[in-house]
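The task is simple: from the sequences and hints, build the whole structure.
From first to last, the protein sequence lines are chains R and A. In terms of our numbering, the first sequence opens at residue 975 and continues consecutively. In terms of our numbering, the second sequence opens at residue 294 and continues consecutively.
These are computed hints drawn from the structure, not numbers from a lab. We treat Cβ as the ideally placed atom computed from N, Cα and C, and that holds for glycine. Keep in mind that the hints are not guaranteed to be accurate.
[Unchecked claim] Far from chain A, by Cβ distances over 10 Å, these chain R residues were calculated: (1) 979; (2) 981; (3) 992; (4) 1013; (5) 1021; (6) 1034; (7) 1047; (8) 1063; (9) 1073.
[To be verified] So the derived label-pair ranges between C-beta atoms look like this: (10) 1103/R <-> 582/A: 30 to 36 Å; (11) 1040/R <-> 567/A: 53 to 59 Å; (12) 494/A <-> 1052/R: 54 to 60 Å; (13) 1065/R <-> 477/A: 54 to 60 Å; (14) 1065/R <-> 615/A: 41 to 47 Å; (15) 1065/R <-> 446/A: 30 to 36 Å; (16) 1103/R <-> 585/A: 40 to 46 Å; (17) 478/A <-> 1078/R: 36 to 42 Å; (18) 466/A <-> 1081/R: 44 to 50 Å.
[Unchecked claim] Calculated Cβ distances over 10 Å to all of chain A for the following chain R residues: (19) 978; (20) 1001; (21) 1076.
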Amino acid sequence: MAGASLELTLMGAALAIALCGIGIAYVIYRQREGAAARIAATFRPVYAMWRNLYWVDELYEAAILKPFYAISRFSAGFDRFVIDGLVNATAIVTDITGQILKLFQTGYVRNYALVFLMGVVAMLVYLATV
Amino acid sequence: MLPVVILAAWGLLVLLMAPFFRETGRGFCGVVHTVGRCRYSAFSWPDWACVRQWPSIESEAATTAYGMVHVDRFGIYVSILVLAVGFMTLLFSARFLEREGSEQGEFYALMLFALAGMVLMLETTNLMLLLIGLEVFSLTLYVLCGLTRGRVRSIEAALKYFLLGAFSSGFLVYGLALLYGAAGSLNLAEIAGAAAERPSTMLNIGLGLVIVGLGFKIAIVPFHQWVPDVYTGAPTNVTAFMAAATKTVAFAALIRVLAGAFGAQSALWVPIITWLAVATMTVANLVALAQTNIKRLLAFSSIAHAGYLLDRPRLHSRRWASRRSSST
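Take a look at the structure:
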């Protein structure tokens, strides 16, 4: 059995099937008015199944896309409110702490000396207890 | 010792010449200053070879003047660093002072005195001489801060720096008194011996007060609050000099004290230094965020950098301790 002749046979068969399909479709949709609707009504379940491509798209949307969108919506919300919130909270807390600490910078030497002295006292208390 | 004498003598010379050259050319004092600096470099040229080696505090040293002057690679290295900072300050000082309409001769003389004080402070292991060096350059810097005396903020900066500087010097001197009382000497090596043989609370508190006194100059939290006001008010060239040179010198002195006298007592000062560093880094960076004036912002940035520096002695403490125990 030569490979080339098998290949040619298969090609010919495929071509013949395709041409048959085209011919049948031409007859059903062009030559006989209403034939298409009658056939569809007769084989309703089969027609609906083929018409909707075995519901592959619907299945795909329900099984994969919907959960995927749900997860991504959840992630987007998490990112926006929790992650961004944490980052912004860090910035806000840092800023507020800086603003509060800035209040100690009064410009009065006596206040500076007081802070200085508090540092000295803290250090000496530590050293005396060691 | 000679370098210090040259710097101080040349400062006096500049001061004496300043009135005669007021009209003929203000730049002249700057020229004289530069010549003096070059003479300094020429005299200390043999020392410069030392810089190629790592400036370790354990390097061999030459001592003179009954052990008061102690020249080692560490001191020379930091001296050259400080003189380089002084030179860079000088580069933009002449035009700046001219624009501000302030005195030129006095500035150059005071700069030389400040450098003399700094070099003196770096080339000793005796705390008394260290204090004298500190006071020499501190007094000079108080005056330099108020150099542009037409400006209220300059005067305010000088006054604040002087008041708080006097306050901190009091603590430093009291600390030295306690160290002397506990150790019977102000020489770092002898204090180290006393700390090893008869540790006492008096010695510890003396160390704490010395850290306070030097910490004021390095500007570590909580002894930092004068920095933004003084750096903003002082003439910009003086600020630049202070921010780099003063901190470097005081930090070098702190390393000398910690390593030279309390190397074996690292358990005592490592927590203090570390917490001061943590406080400095945190507070300075946080307050820097809240600033709207660029000079104040940079002042806080310089405080924060002092904090990063201050974290380093901790890493060397073990080596210093092992050196001390192996030599005794």
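To see whether the hints hold, each was checked on the structure:
1. 979: holds, 84 Å
2. 981: The claim stands: residue 981/R keeps its Cβ more than 10 Å from every Cβ of chain A (closest is about 77 Å).
3. 992: Holds, since 74 Å exceeds 10 Å.
4. 1013: holds, 77 Å
5. 1021: Answer for residue 1021/R: holds, closest chain A Cβ roughly 71 Å.
6. 1034: Fine: 51 Å to the nearest Cβ keeps residue 1034/R off the interface.
7. 1047: Holds, since 35 Å exceeds 10 Å.
8. 1063: holds, 15 Å
9. 1073: Violated: least Cβ distance 5 Å, not greater than 10 Å.
10. 1103/R <-> 582/A: 30 to 36 Å: holds, 35 Å
11. 1040/R <-> 567/A: 53 to 59 Å: holds, 56 Å
12. 494/A <-> 1052/R: 54 to 60 Å: For residue 494/A and residue 1052/R the Cβ distance comes to about 56 Å; the hint holds.
13. 1065/R <-> 477/A: 54 to 60 Å: holds, 55 Å
14. 1065/R <-> 615/A: 41 to 47 Å: holds, 44 Å
15. 1065/R <-> 446/A: 30 to 36 Å: holds, 32 Å
16. 1103/R <-> 585/A: 40 to 46 Å: holds, 42 Å
17. 478/A <-> 1078/R: 36 to 42 Å: With Cβ atoms ~39 Å apart, the hint holds.
18. 466/A <-> 1081/R: 44 to 50 Å: violated, 27 Å
19. 978: holds, 80 Å
20. 1001: Holds: least Cβ distance 82 Å, greater than 10 Å.
21. 1076: Since the minimum Cβ distance to chain A is about 4 Å, residue 1076/R lies within 10 Å and the statement is violated.
The structure is inconsistent with the numbered hints 9, 18 and 21, although it conforms to all the rest.
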